[in-house]
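Asks: Sequence order for the protein chains is A and B. According to my numbering, the first sequence is numbered sequentially starting from -13. According to my numbering, the second sequence is numbered sequentially starting from 109.
Don't read these hints as lab results, they were simulated from the structure. All C-beta atoms, glycine included, are put in the ideal place defined by N, C-alpha and C. Treat each hint with caution, since some may be false.
Pulled from the structure, derived: some chain A residues nowhere near chain B, Cβ distances all over 10 angstroms [unchecked claim]:
no.	residue
1	Arg8
2	Glu132
3	Arg139
4	Leu161
5	Gly217
Mimicking SDA-like on lysine to any residue, the simulated pairs with C-alpha atoms at most 20 angstroms apart in a straight line are [what the hints assert, rightly or not]:
no.	chain 1	residue 1	chain 2	residue 2
6	A	Lys6	B	Lys372
7	B	Lys373	A	Val123
8	B	Lys299	B	Ala455
9	B	Lys369	B	Thr384
10	A	Lys6	B	Lys369
11	B	Lys369	A	Lys(-12)
12	B	Lys373	B	Leu451
13	A	Lys6	B	Ala455
14	B	Lys372	A	Asn85
15	A	Lys106	B	Thr384
16	B	Lys372	A	Val123
17	A	Lys40	A	Arg23
18	A	Lys106	B	Leu458
19	B	Lys369	B	Leu458
20	B	Lys372	B	Ser457
21	B	Lys372	B	Lys240
22	A	Lys(-12)	A	Arg131
23	A	Lys(-8)	B	Glu382
24	A	Lys236	A	Pro249
25	B	Lys369	A	Lys(-8)
26	A	Lys6	B	Ser457
27	A	Lys40	A	Leu267
28	A	Lys(-7)	A	Arg80
29	B	Lys369	A	Gly122
30	B	Lys369	A	Asn85
31	A	Lys6	B	Leu458
32	B	Lys240	B	Thr182
33	B	Lys369	A	Val123
34	A	Lys40	B	Ala406
35	B	Lys113	B	Gly355
The calculated label-pair distances, taken between Cβ atoms and stated as ranges, are [unchecked claim]:
no.	chain 1	residue 1	chain 2	residue 2	range
36	B	Asp449	A	Ala246	42 to 52 angstroms
37	B	Asp447	A	Asp205	52 to 62 angstroms
38	B	Glu459	A	Asp205	39 to 49 angstroms
39	B	Leu381	A	Glu191	33 to 43 angstroms
40	A	Phe62	B	Lys232	49 to 59 angstroms
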Amino acid sequence: MKELIKKLTEAWGPSGCEHKVRGLIAEEVRGLADEVRTDPLGNLICRKGSGGAKVMIAAHMDEIGLMVSHVDEKGFMRFVPIGGLRSVALYGNRVYFENGVVGTISAEGEGWRTTPDREKFYIDVSTGAEAGPGVGVGDAAAFWREMVERGNRIVAKALDDRIGCVVGIEAMRKLAKTDHEIYFVFTVQEEVGLRGARPAAFGVEPDIGISLDVTSTGDTPKDDKMTVELGKGAAIKVRDGGHIVPPAIKNLMVKRAEEAGIPYQLEVLPGGTTDAAGIQLSRAGIPSGCISIPTRYLHTVSETVDIGDVQACVDLLVEILSKPIEL
Amino acid sequence: MIDIKEIIKKLCSAKGPPGCEDPVAGVVREIWEPLVDALERGHMGDVVGVKRGAGAEPRRKIMLAGHMDEISLTVRKVEDGFIRLESLDGMDQRILPGQFVTVFGKRPLSGYIGSVPPHLLGGKDGQYPAIKDLVVDVGLPAEEVAEWVGPGDVVTFDAPLLELGENRLAAKALDDRASIAAITICLDLLKTRSHKWDVLAVATTREEVGSDGARATAFQYRPDLGIALDVTFASQPGTSGVTFDLGEGPTLGVGPSFHPKLYKKIMDAAGRLEMTIHADPAPYPGGTDTAEIQISRAGVPTALISIPVRNMHTPIEVVDTKDIERAGRLLAEFIAGLDDDFLDSIAYSLEPECKEEEDKGGEEGEA
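Hey, can you work out the whole structure from these sequences and the hints?
Replies: Here's what the structure looks like:
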């Protein structure tokens, strides 16, 4: 599983440019699904089983990034955010473009003394040579960092939400046979407003939706905004900034976790939301829940998860999908 | 050949605040009537011109969307014969005092937005008054104003169209009537060009308040492709950020809301016309009708063609008519090239493809 986490987190895929990640996942799920296809927005839809309850599982392939808006003659580029960039995490960071060009982010003047507004930051892609760097206005970039292991912890960029993709893929692997019709959907454009999941749900028309996404934690110094902790198991979402999970779904998840002895914790996330919120609003309404992977330092290059939590999420999803789903 | 300035004059002089587009809808219908096979009305009041293609049924459909609503103000209350205002859709408070307006009460009333003389400001000059502190004066006795005007009535600019130099026009509501003019040019060109797909030319409603019209029409008509046309920022003194020179051609949106292969196909069409198109970065959805068309039903591949305009959201929006003509020609060229296999040719692949083999070409070696 760690091998897969490394492969997916180190792949390049800002919102709207998910093709590389989609290719890697398509390769991975070959043989695990009865049908694999893409839809008009680029969502990757993998069906397993037929008949029975229609369940849509969603994990998003895209990651936050940025897009070049202006290039000056010296190779300094201004940019606009793709998704929720945190200005405090920009200074000194590195980004890379699809063609491999690496840029360094800095800020105007003595920008390191405080956290400047986003407009004051620029990307340096100067080469010292006459020829330009081969990137320009409209090109997207993602943050660059290698995955590392630290005991049970995994530190990587883009764990939001490649770790959700990993949970989905591992569940497909583990789920030998199912009475349900399950659609594992690897979605596009979650970070710019859940724009892949909702149309995907319209097309799939499921009876129930479950998103697999990261959630924040409250276990770091002077941060007690929520009770979720790393290493305490799968987080079953109760509600977040854009989604109240129907109690029947939350209760079913809790029941399955307790029956199987899978460690879990309840999640109340004050801000932010997941694809489940988009699925729930598709068509005439699709009741949706979310299994969250507790993650520290979201939207930075050092997102951190506990491998035991990831395994608990896989186990819980498999448990839910291999038993009756009655709401 | 249609007279573009004449068309724009007609379109821009019509009234059409969000939710009250009927007057401008009438003008659009009149202009499109000779150019399409059928004129229909969407559930939210969109004008839908259907121009049928020559392909075998069932034919694919492309939706072209330009919004006909214009920014406006709303009446908050009437107080001692003066009309107090509220902004609902991105009105710029800096430019309001001294403007001529029309108040759409029980009958339309001409008026102006007042400005307190600097001598009487009590030392507070140099500040822009908030919209809630502005009043409209229609010059009628208080009891008559109260009779004709009430809360919720809409107020729009009443501004003449100015011809500037050879190709430039200044007017209100060029956002986004300029795009409706471009769609008109496209429809006119398609009269003499064969095209396989059905074309749905849509003048949308309520774009300035969240694209309700485009959302409803896309759902109702189920297009296979959507191209929205809107305005983008033209360069002018005092701007920073991404801007485009007037008269240097329309732009093509790049970002998550725009299908990368559709983008490429439109660029190819521009190439066939030897037309320069600039990439217009838009990393976040919203602000144009593509935001709603893209996520309609199970998803629609979308693109955005924009026309540079100066002084956006004022009564003196400025365009270069060459840009509008080019946008119309580009649309027609692209539509004429749509064949039965087009959707397959832009489908997302399961392979870990590169952004595009073709478009990086010679520069790739640098990395």
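Asks: Take the hints in turn and mark each one as holding or not.
Replies: Comparing the hints with the structure gives:
Its closest Cβ contact with chain B, about 7 angstroms, brings Arg8 of chain A to no more than 10 angstroms, contrary to its assignment away from the interface. Every C-beta of chain B lies more than 10 angstroms from that of Glu132 of chain A, the closest at about 19 angstroms, which supports listing it as non-interface. Distance check for Arg139 of chain A against chain B: the nearest CB is about 28 angstroms away, which clears 10 angstroms, and the non-interface claim stands. Every CB of chain B is more than 10 angstroms from the CB of Leu161 of chain A (nearest about 21 angstroms), matching its label as outside the interface.
A cut-off of 10 angstroms between C-beta atoms confirms that Gly217 of chain A is not in contact with chain B; the least separation is 34 angstroms. Pair hint Lys6 of chain A plus Lys372 of chain B holds up; C-alpha atoms about 18 angstroms apart against a cutoff of 20 angstroms. Simply put, Lys373 of chain B and Val123 of chain A have alpha-carbon atoms about 19 angstroms apart, close enough for the 20 angstroms limit, and the pair holds. Our distance criterion of 20 angstroms between C-alpha atoms is broken by Lys299 of chain B and Ala455 of chain B, whose separation comes to about 29 angstroms.
Taken as a hint, the Lys369 of chain B and Thr384 of chain B pair is honoured in the structure, with Cα atoms around 18 angstroms apart against an allowance of 20 angstroms. For the proposed pair Lys6 of chain A and Lys369 of chain B, the alpha carbon gap of about 15 angstroms is at most 20 angstroms, so the pair holds. Proposed proximity of Lys369 of chain B and Lys(-12) of chain A is contradicted: the alpha carbons are some 34 angstroms apart, above 20 angstroms. With a C-alpha separation of about 11 angstroms, the suggested pair Lys373 of chain B and Leu451 of chain B falls inside the 20 angstroms cut-off, and the hint holds.
Distance hint between Lys6 of chain A and Ala455 of chain B is fulfilled; the C-alpha atoms sit about 15 angstroms from each other, no more than 20 angstroms. For the hint pairing Lys372 of chain B with Asn85 of chain A, the CA-to-CA distance comes to about 17 angstroms; that is within 20 angstroms, so the pair holds. Restraint check: the Cα-Cα separation between Lys106 of chain A and Thr384 of chain B comes to about 30 angstroms, which exceeds 20 angstroms; the hinted pair is violated. Simply put, Lys372 of chain B and Val123 of chain A have alpha-carbon atoms about 15 angstroms apart, close enough for the 20 angstroms limit, and the pair holds.
As the CA atoms of Lys40 of chain A and Arg23 of chain A are separated by approximately 17 angstroms, the hinted pair is consistent with the 20 angstroms bound. Between the alpha carbons of Lys106 of chain A and Leu458 of chain B the distance comes to roughly 39 angstroms, so the proposed pair goes past 20 angstroms and is violated. Taking the CA atoms of Lys369 of chain B and Leu458 of chain B, the gap is about 15 angstroms. The hint holds against a cut of 20 angstroms. Only pairs whose Cα atoms come within 20 angstroms are accepted, and Lys372 of chain B paired with Ser457 of chain B is accepted, the gap being roughly 15 angstroms.
Proximity of Lys372 of chain B to Lys240 of chain B is assessed by CA-CA distance (about 46 angstroms); at most 20 angstroms being required, the pair is judged violated. For the proposed pair Lys(-12) of chain A and Arg131 of chain A, the alpha carbon gap of about 16 angstroms is at most 20 angstroms, so the pair holds. Pair hint Lys(-8) of chain A plus Glu382 of chain B does not hold up; C-alpha atoms about 45 angstroms apart against a cutoff of 20 angstroms. Taken as a hint, the Lys236 of chain A and Pro249 of chain A pair is honoured in the structure, with Cα atoms around 15 angstroms apart against an allowance of 20 angstroms.
Our distance criterion of 20 angstroms between C-alpha atoms is broken by Lys369 of chain B and Lys(-8) of chain A, whose separation comes to about 29 angstroms. Under the criterion of a C-alpha separation no larger than 20 angstroms, the hint pairing Lys6 of chain A with Ser457 of chain B is consistent with the structure, at around 10 angstroms. For the hint linking Lys40 of chain A to Leu267 of chain A, the alpha-carbon distance of about 16 angstroms falls within 20 angstroms, and the restraint holds. Proposed proximity of Lys(-7) of chain A and Arg80 of chain A is supported: the alpha carbons are some 19 angstroms apart, at most 20 angstroms.
The hinted pair formed by Lys369 of chain B and Gly122 of chain A meets the criterion: a straight-line CA distance of about 18 angstroms does not exceed 20 angstroms. A hinted pair counts as satisfied when its Cα atoms are at most 20 angstroms apart, and Lys369 of chain B with Asn85 of chain A qualifies at roughly 17 angstroms. At roughly 9 angstroms between alpha-carbon atoms, Lys6 of chain A and Leu458 of chain B fall within 20 angstroms of each other, so this suggested pair holds. A threshold of 20 angstroms between alpha carbons decides the hint, and for Lys240 of chain B with Thr182 of chain B the separation of about 11 angstroms falls inside it, so the pair holds.
Pair hint Lys369 of chain B plus Val123 of chain A holds up; C-alpha atoms about 17 angstroms apart against a cutoff of 20 angstroms. Of the pairs offered as hints, the one joining Lys40 of chain A and Ala406 of chain B holds, with about 17 angstroms between alpha carbons and a cut-off of 20 angstroms not exceeded. The straight-line distance between the Cα atoms of Lys113 of chain B and Gly355 of chain B is roughly 15 angstroms, inside the 20 angstroms bound, and the hint therefore holds. Look at Asp449 of chain B against Ala246 of chain A: about 49 angstroms separates their beta carbons, and that is inside 42 to 52 angstroms.
Taking 52 to 62 angstroms as the suggested C-beta distance range, the pair Asp447 of chain B and Asp205 of chain A conforms, at roughly 58 angstroms. At roughly 41 angstroms, the beta carbons of Glu459 of chain B and Asp205 of chain A sit within the given window of 39 to 49 angstroms. In this structure the supplied range 33 to 43 angstroms holds for Leu381 of chain B paired with Glu191 of chain A, their Cβ-Cβ distance being about 42 angstroms. For the hinted restraint 49 to 59 angstroms between Phe62 of chain A and Lys232 of chain B, the CB-CB distance of approximately 41 angstroms leaves it violated.
Comparing the model with each earlier hint shows violations of hints 1, 8, 11, 15, 18, 21, 23, 25 and 40; every other hint is respected.
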